[in-house]
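Asks: Single-letter residue listing:
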Amino acid sequence: MITASTTVITDCTSETLDERILSSKQPVIIKGLVKHWALVEQGRQSDRNAIDYLKSHYNGRPSVACIGSPEIQGRFFYSADGTQLNYQTQQMKIDELLDLIQAGFSEKNPTSYYIASNVIDTHFPGFRRENDIVIPRPEANVAQEDLRVSIWIGNRTTACCHYDASDNLACCVVGKRRFTLFPPDQIANLYPGPLSPTPGGQALSMVDFANPDFSKYPRFAEAITHGQIAELEAGDALYLPSMWWHQVESLNPFNVLVNYWWSNSARYMGSAMNVLYHALLSLRDKPEHERQAWKHIFDYYIFDDPEQAGKHLPDEAHGYLGEIDAAKNKMLRALLLNKLNR
Amino acid sequence: MANTALLNNVTHHQLKVITRFGAEFGDSISSALVFPTEFIELQKEYPILFRQHPETKKYQATVLLGLSQNENLFLNSSAPSGWAAHYIPATVAKGPFLIGMQHQDSGNSNIPVIHIDMDHLKVNNENGYPLFLEHGGNSPYLEYIANVLKTIHQGIAIQDAMFTLFSELDLIEPIDIDIDLHNGEKRRLLGNFTIHEEKLMELGGDQLERLNKLGFLSLAFAVITSMTNIRRLTDIKKSHK
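Just so you know, the sequences run in chain order A and B. Letter 321 of the first sequence, counting from 1, is numbered 321 in this note's numbering, and no numbers are missing. If you count the second sequence from 1, you need to add 342 to reach this note's numbering.
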């Protein structure tokens, strides 16, 4: 299996995330980055203390919980035929979920409970006053994507391997977590599953990392040589650049993660996944020679030097090849809406 | 129970909706629910009246379309749409469509979505306007319906605040409407409320500013002005004889 481990930095525990880490573009464990957080200290006393601390900050608003029968062993995944999911979701109060998790502490193989990616401020107002870190963001002329700060609460669970389109600082606050990481170029070796339905909006690798079926997924052997493992204890944080594939195992009977998601891209852009869906509709099934030609065209306009396409033209002739300002953003959107609505 | 479905461009690709109005489609109604978001348009055509729910005591706006039960004086087969007016109340114009709320899996919010009553007399596969374009895009008619439903949705959101302020300022008064049908026949319409014009005139500057800043002052005047349309109803009725 994977032998490489993620780089660990041990001398960084300030209130602001170090910019050098952000510019690394490689996953980095920052040991003890949030060890002084109030919830980390409570969890160090006992799970019970951590649960009481969470309840004391909870405003009673219902959330959406993922509930998996003992048979799935905490692995939230597709159903056997890939058309559904192997667990239920249910609106419930978070304090009730905490009670259910606590009631399962004595069981060997309890029902799996998971609240994933719940925005903290909507349900735990005041929590971030005692548990927070500043993510430095560059100055920008146009509105950038907002920072999203979420809490993840559960017992022993596995979030199967997927990527997210935002940079991530994942702080292990209570319990233990193991991240299995792969760079973006490993997509084909990870055998992504259906685009929909998905547990969190992202396609999951079909490979069961605990028991890989190499006859079905032979290229996973290649992925292994590019993978790395990041083990986090309470108080540790992982900086995970956007687009890296990651499986996340929560290893203790009670685990809490707080994560920060941000993307230094203009808000008007929206999800690049829209481009992929559009390409599935309008590009993938064009005649082969056209499809291959479009690859050159996309390289020229999009993937190579972004300024290349306008460089040899007078400024006033740049149009959409130049900078996309507020007006051009609106014009392009209108153009697409009109052309798509047919 | 209505046979409603969440509208989508796959299942409902062939669907058409008849946009004509007529007695044969169940349009013989003597009043229709209306919303503050359309008062300015409605005042040019219909008398706007308030009704009070007998139990909740909440007010709801209506327009008068006829002077006796099941009489809709605006139905007119020689008009292009079958309805002789420039503006048609949103609850009528929406035809077989309804607003539904759909829970978003990513959070605790609900977003409005369009439902359709498949058993509605105007829904079919042959006649009327298509809902979707050839490749599944929204037809201009569906875009129009989305706007009509938005008028209702936004109207529901503001009407309680409007009636609360009208009540607080004591602007709502009961009105019995006496109608002389020129042929000696008389009608009296009971149980309606309107805006008390004198009380509106007596409001102080601060009160007027409050009404105006919330956008309700022009609506109060629209209700008052709309009463002249009762004359229009009697004139249409007379011309039908």
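Everything labelled a hint here was simulated from the structure, so no lab data went into it. Incorrect hints may appear among the rest.
Computed, partial: chain A to chain B, Cβ under 10 Å [claimed, not checked]: (1) 88; (2) 91; (3) 342.
Calculated pairs, DSS-like style, for lysine-lysine (alpha carbon to alpha carbon, straight line, at most 30 Å) [what the hints assert, rightly or not]: (4) B:358 / A:339; (5) B:492 / A:328; (6) B:492 / A:339; (7) A:330 / B:541; (8) B:436 / A:339; (9) A:176 / A:93.
Idealized CB from N, CA, C, for every residue including glycine.
Asks: If a hint holds in the structure, say so; if it doesn't, say that too.
Replies: We went through each hint and held it up to the structure:
A distance limit of 10 Å between C-beta atoms decides the matter here; for residue 88 (chain A) the minimum to chain B is near 13 Å, and the interface restraint is violated. The beta carbon of residue 91 (chain A) comes within 8 Å of a beta carbon in chain B, closer than 10 Å, and the hint placing it at the interface holds. Given hint, residue 342 (chain A) at the interface with chain B, holds; its Cβ is 5 Å from that chain's nearest Cβ, closer than 10 Å. A distance of roughly 23 Å separates the Cα atoms of residue 358 (chain B) and residue 339 (chain A); the hinted pair therefore holds under the 30 Å criterion.
Only pairs whose Cα atoms come within 30 Å are accepted, and residue 492 (chain B) paired with residue 328 (chain A) is accepted, the gap being roughly 28 Å. Only pairs whose Cα atoms come within 30 Å are accepted, and residue 492 (chain B) paired with residue 339 (chain A) is accepted, the gap being roughly 24 Å. About 48 Å separates the Cα atoms of residue 330 (chain A) and residue 541 (chain B), which puts this hinted pair outside 30 Å; it is violated. About 27 Å separates the Cα atoms of residue 436 (chain B) and residue 339 (chain A), which keeps this hinted pair within 30 Å; it holds.
With a C-alpha separation of about 24 Å, the suggested pairing of residue 176 (chain A) with residue 93 (chain A) holds against the 30 Å cut-off.
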